[in-house]
Amino acid sequence: MEYKQYVIGVIVSNVSGVLSRVSGMFTRRGFNIDCLTVGETESASFSRITVAFHGDNDIRDKILKQLEKLHDVKEVEVLDPNDTVIRELLLIKIRNSPSTRQDIMTAVEIFRSKIVDYSPTALICELTGETSKIDAFIELMKPYCIMEMCRTGIVAIERGDNCLKTIKTR
Amino acid sequence: MKISGAKIVVETLIEQGCETVFGFPGGQVIDLFDELYLSRDRIEHILTAHEQGAAHAADGYARATGKVGVCIATSGPGATNLVTGIATAYLDSVPVVAVTGNVPCSLIGRDSFQEVDILGVTMPVTKHNFIVKDIRELADTLRAAFKIAKSGRPGPVLVDIPKDVQTAEWDFEPRPDPVRPYPLCFASENKLRKAAELINAAERPYIYFGGGIVAGKASRELLALADKTDAPLGCSLMGLSAVPYDCPRFLGMNGIHGHYTSFAALTEADLVIALGVRFSDRAAFEGEPDDRPKVIHIDIDNAELDKNVSADLAIEGDIKDALFRLLPMLEEKSHPEWSGRIEQLRAEEKRRYDAADRLRGERCGKLSPHDIIGVISSIASADDIIVTDVGQHQMWTAQMYPLRKPRTFLTSGGLGTMGFGMGAAIGACTATDKRAVLFTGDGSFGMDLNELATAVSQKTPLVVVIMNNGVLGMVRQIQARCYDKHYSATTLRRQTDFVKVAEAFGAKAGRASTADELRALAEEAFAYNGPFVIDCAVDCDETVQSPLWSEGAERGESNGV
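One line per chain: the protein sequences are A and B, in this order.
Residue 170, in the working numbering, is where the first sequence stops; the numbers in between run on with no holes.
Residue 1561, in the working numbering, is where the second sequence stops; the numbers in between run on with no holes.
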C-alpha cells in the first residue's frame, strides 16, 4: 500500500488535558506524528488540532478510528491535499554580515518573506507558506549561518464550503 | 439547598443506582467517607484490604451484573493502587467508575504529600477520566462518568476530586433516573445484507464470538444464528459462559490454550463470523488473506474492526440488534460434510486428551486439575459464579468447567492480572448474593490472599480452591518447553501453610490430596456461609494443553507464548 503524508483536522473540546489525550494516543499505539498544531476555533468551547503523519491507508484508518473513540474528540477528517490550504509559519534568525546581507535580502524578497527584526549582527525573517516553500527557504539560508529557527507546523483548512463541524452527538 | 461536594458525590452515586461501593479511606477522602458514614443506610461501603482489591471488586460487581461498579480511593498511593484494577477492567471492557480524592487544588502540581497525577497515570487505561476543580461541575461530571462507562463498548472511567472541592458547597438537584447510555450504533442494513450473502454462500461457516455477546446480552440470537446456518461455535476466553457448555454446536474456547476442535475448525472454515470479539493476539489467526477463511466481523467498537485482523466485511453496530436483523435474511442451511468433519475433529481431540492424560501417569497422592474441576462442578450450582486468578488454573478452568449461564465466569482475559480473583469474587458475591467459587493457584493467591480479611468481615459465601503445585506453572511450562528447563524464579520454595493462613484470617479451610477428601471438604464449603479455602495438592508437571502443539513433538512457541 502507498505510504504517504496525510493531514487531518480534529475538532476537540477545549478542555485541559485534551492535547495529552490526542498525542498520547499516537504514542501509545505506535503511530508517529510529523507535526501537530492546536488552537481555539470560532467557538471557545472547541479547539482544532491539525496533525500530519506518514502512513498507508490502513494506518490512516486506524488513527481515525482511535481518535474518534476519544471522548473529547468531536470530529475528525482527512483533508484532501488537492483541495486544502496548508500553511506553516517560520521564524528564522540569520547572522547579519555586510558580505551576505544583500544575498539574504534578495532571497527574502523572492520568497515574499519579511524581515521582522534587524540588528548589526543578526536578522530575523518571517515566512509563511506550504511546507515545501519553508524547507526551500531554510535550505537557501543554510550557507548564511542560521543562528536559530522555529516553525509552527502546519495549519490546514479545506477550500470552498467544506467545513469540519462539531456535529458529533454522543 | 447547598450541600458539600462530598455529599454531592454520595447523592449522585445513589441517584445513579449505586448501592455498594468498594474502597479504602485516606487523608484526601475523609470528607467523602464522612458522607458515606452518614448515608450508610442508603449506600453500602465495603472496606477492602488493599485498593487493588477494591478496584477488582468493583470490576467483579460489574461483570457479574452488567451494572456499573464503583470504587473509591484516596490520593497518591491509594489512587495508584487502583491502576492495575482499572487496567484490568479496561482490557476486558467492564463498566467501572473509580473515584479518587486528590490534594486541594492549591497544592496540585507541587509534589505535595500523597499527590500523584492520577489523571496522567490512568489516561491510557481508562475510557475517559476527569478531574473536577469546580464544584459546580461535580454532579454532572459524575453523571457523565456513569454515562461513558456504560455506553457502547463499556469501560472504566476515573473521576479525581481534590479535597477542597469535596468541602466546598453548592446546589444539588437530584435527577429522578440514572443517566442513560448514549444511543447505540446500529449496523447498516446494506452491510447486513452483504453478510447474509456471504453466510448463505458459505460451506464451512464457523462462528467465533467474544465477550461482546455477554456484554450485549445476545446469547439467544447467537444460538439462533448457529442453528439456522448449521455452524459450529467457538469463543475467546471472554466469550465463555455466553452459551451453555453442553450446547451441541459449542466447540469451546479458541486460541493458544483453547480446545483442539475449536482451533482446528477455525483454520478449516471457509467463513468466520466473528461477533463481539477483538482477535486478541492470544486468539487471532495467522496467514495472509488469500489462504485464510473469509471473515465477517461485527463489533460495537469501530476501532476493533480491521485492527488485528482485516475483515472481508466489517460491520459496526450493537451485536444483539445486528443478529436480530440478520437472522431473517439467512437461509435455513445444513452442512453435513462440515458437521462430519467437526465430529472427526472432536474424536481426534478426545484421543489426544486421553493420550496426554495417560502420559502424565500416576499422580502419587495428588489431584489432577480435571478431578478438581469435576468434583467442584458436581457440587456447585449453575448459578454459582466461577472466578479465576491467572495462570494454569485459569486455563484449566476455562477449558473444563461446565459453564451454563452468562456472567457466571469472571476472569482477567485481556490484562491477565494475577491477584484479580479474590477482589472480583467478593464484588460478584456482593452484587448478586450468590456463592462464588474462586479457582486460583498458589502463585496468584499469594497476590490477593489479603482480601480473605474482607471476605471474612463480609461473610462472603466464597469457596476458594487453590491448585497448589508449588510452582508458577504457566511460566514454568514455557520454560520446560522453550528454555531447556531453566526454572528461573518459578519454583516456589515457600513453606506457606494456606490452611493456617486462612484460619488466621478467620476463614475456614482444609487440605485435599484425593478426590474423596476434596469432595468431603467441598460439601462442607458449599454449605458454609463464609469464605472457605480448600488447598488442593497438584503435581508441578501438570501442563495446560495447547492445540498449537503438534502431537508428541516438543515445539518452541515461536508465535508467542
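Source of the hints: derived by calculation from the structure; they are not laboratory data.
Any given hint could be a false lead.
What follows is a list of derived Cβ distance ranges for each label pair [unchecked claim]:
{"#": "1", "chain 1": "B", "residue 1": "Cys1105", "chain 2": "A", "residue 2": "Thr41", "range": "20 to 30 Å"}
{"#": "2", "chain 1": "A", "residue 1": "Ala44", "chain 2": "B", "residue 2": "Pro1183", "range": "42 to 52 Å"}
{"#": "3", "chain 1": "A", "residue 1": "Asp161", "chain 2": "B", "residue 2": "Lys1194", "range": "42 to 52 Å"}
{"#": "4", "chain 1": "A", "residue 1": "Arg28", "chain 2": "B", "residue 2": "Leu1327", "range": "53 to 63 Å"}
{"#": "5", "chain 1": "B", "residue 1": "Ser1310", "chain 2": "A", "residue 2": "Arg151", "range": "48 to 58 Å"}
{"#": "6", "chain 1": "B", "residue 1": "Gly1120", "chain 2": "A", "residue 2": "Glu77", "range": "45 to 55 Å"}
{"#": "7", "chain 1": "A", "residue 1": "Glu42", "chain 2": "B", "residue 2": "Asp1117", "range": "50 to 60 Å"}
{"#": "8", "chain 1": "A", "residue 1": "Glu42", "chain 2": "B", "residue 2": "Asp1433", "range": "50 to 60 Å"}
{"#": "9", "chain 1": "A", "residue 1": "Ser132", "chain 2": "B", "residue 2": "Ser1310", "range": "54 to 64 Å"}
{"#": "10", "chain 1": "A", "residue 1": "Ser45", "chain 2": "B", "residue 2": "Leu1327", "range": "35 to 45 Å"}
{"#": "11", "chain 1": "B", "residue 1": "Cys1105", "chain 2": "A", "residue 2": "Ser45", "range": "51 to 61 Å"}
{"#": "12", "chain 1": "A", "residue 1": "Arg28", "chain 2": "B", "residue 2": "Arg1042", "range": "34 to 44 Å"}
{"#": "13", "chain 1": "A", "residue 1": "Thr41", "chain 2": "B", "residue 2": "Asp1117", "range": "22 to 32 Å"}
Computed from a predicted model, the values in this text were never measured in an experiment.
All C-beta atoms, glycine included, are put in the ideal place defined by N, C-alpha and C.
Does the structure break any of the earlier hints, and which numbers would those be? Hints 2, 3, 4, 5, 6, 7, 9 and 11 contradicted; others consistent.
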